[in-house]
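Peer 1: Sequence:
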Amino acid sequence: MELYIIRHATAQPLGRKNDFTDEKRSLTAEGRERMRDAARGLRKLGVELDLILTSPLARAVETAEVLASVFGMNKRDVEQTANLAPGAPSEDLFAEIKGHTGVESVALVGHQPDLGELICKVVRGDGGFSIELKKGSVCCVNIMQTVPELQGALTWLMTPRQLRLLSKI
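By my numbering, the letter at position 99 of the sequence shown is numbered 207, and the numbering carries on one by one without gaps.
Because the hints were derived from the structure by calculation, they are not lab data. As the structure is a computational prediction, the values presented were derived from the model and not from experiment. Take the hints with a grain of salt, since some may be wrong.
Claimed, not checked - Restraint ranges, calculated between C-beta atoms of paired labels, are given here: (1) A190 - L265: 24 to 30 Å; (2) G233 - D130: 26 to 32 Å; (3) R151 - A261: 18 to 24 Å; (4) K152 - E199: 30 to 36 Å; (5) L122 - E199: 25 to 31 Å; (6) L273 - T129: 20 to 26 Å; (7) L153 - K183: 34 to 40 Å.
Built from N, CA and C at the ideal position, the CB exists for glycine as well.
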């Protein structure tokens, strides 16, 4: 199984437009367009997605919707999960991923620092370090073992700029 761990795209700063809450911050127009180009770059790499799991926060949901649109996926292929909300325990997310039998490639759309820590838990088996993901970055982890826990190898990590450049080729 391939996990594509994706940090949400650029969102509105907190407090703009009627002082909305962090959970309701939506993507900026530029963030949406840049994510669209980054997703096109993923397609150029030959990435295929069976399922997108996303944090329920607005900016992550919107990022997942952009991905689904570029990949021609149905709404049923995108699922919101509290297991990708900031601060959620990774063990619950791992159990949820394992519950999707027959799925070969999953995109996880969420937030820092949780995603960086998640990558490290899957690759090292502990939270001994963290990887910093820029907004719109994608990290590919090849899952080699699911029992007793998810374990895998970091295959690649690309910045949104690298992905956008690929989309132009």
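Peer 1: All hints are to be evaluated individually against the structure, with a verdict given for each.
Peer 2: Hint check results:
Between A190 and L265 the CB atoms are about 26 Å apart, so this pair conforms to the stated range of 24 to 30 Å. Between G233 and D130, the C-beta spacing of about 31 Å keeps the proposed range 26 to 32 Å intact. A hinted range of 18 to 24 Å for the beta carbons of R151 and A261 is consistent with their spacing of about 23 Å. Between K152 and E199 the C-beta distance comes to about 34 Å, which sits within the given range of 30 to 36 Å.
Between L122 and E199 the beta carbons are some 29 Å apart, a value that agrees with the proposed interval 25 to 31 Å. At about 35 Å, the CB distance of L273 to T129 disagrees with the hint of 20 to 26 Å. One distance hint, 34 to 40 Å for the beta-carbon pair L153 and K183, is violated here, with the actual separation near 24 Å.
In summary, the structure is inconsistent with hints 6, 7 from the numbered list given earlier, while agreeing with the others.
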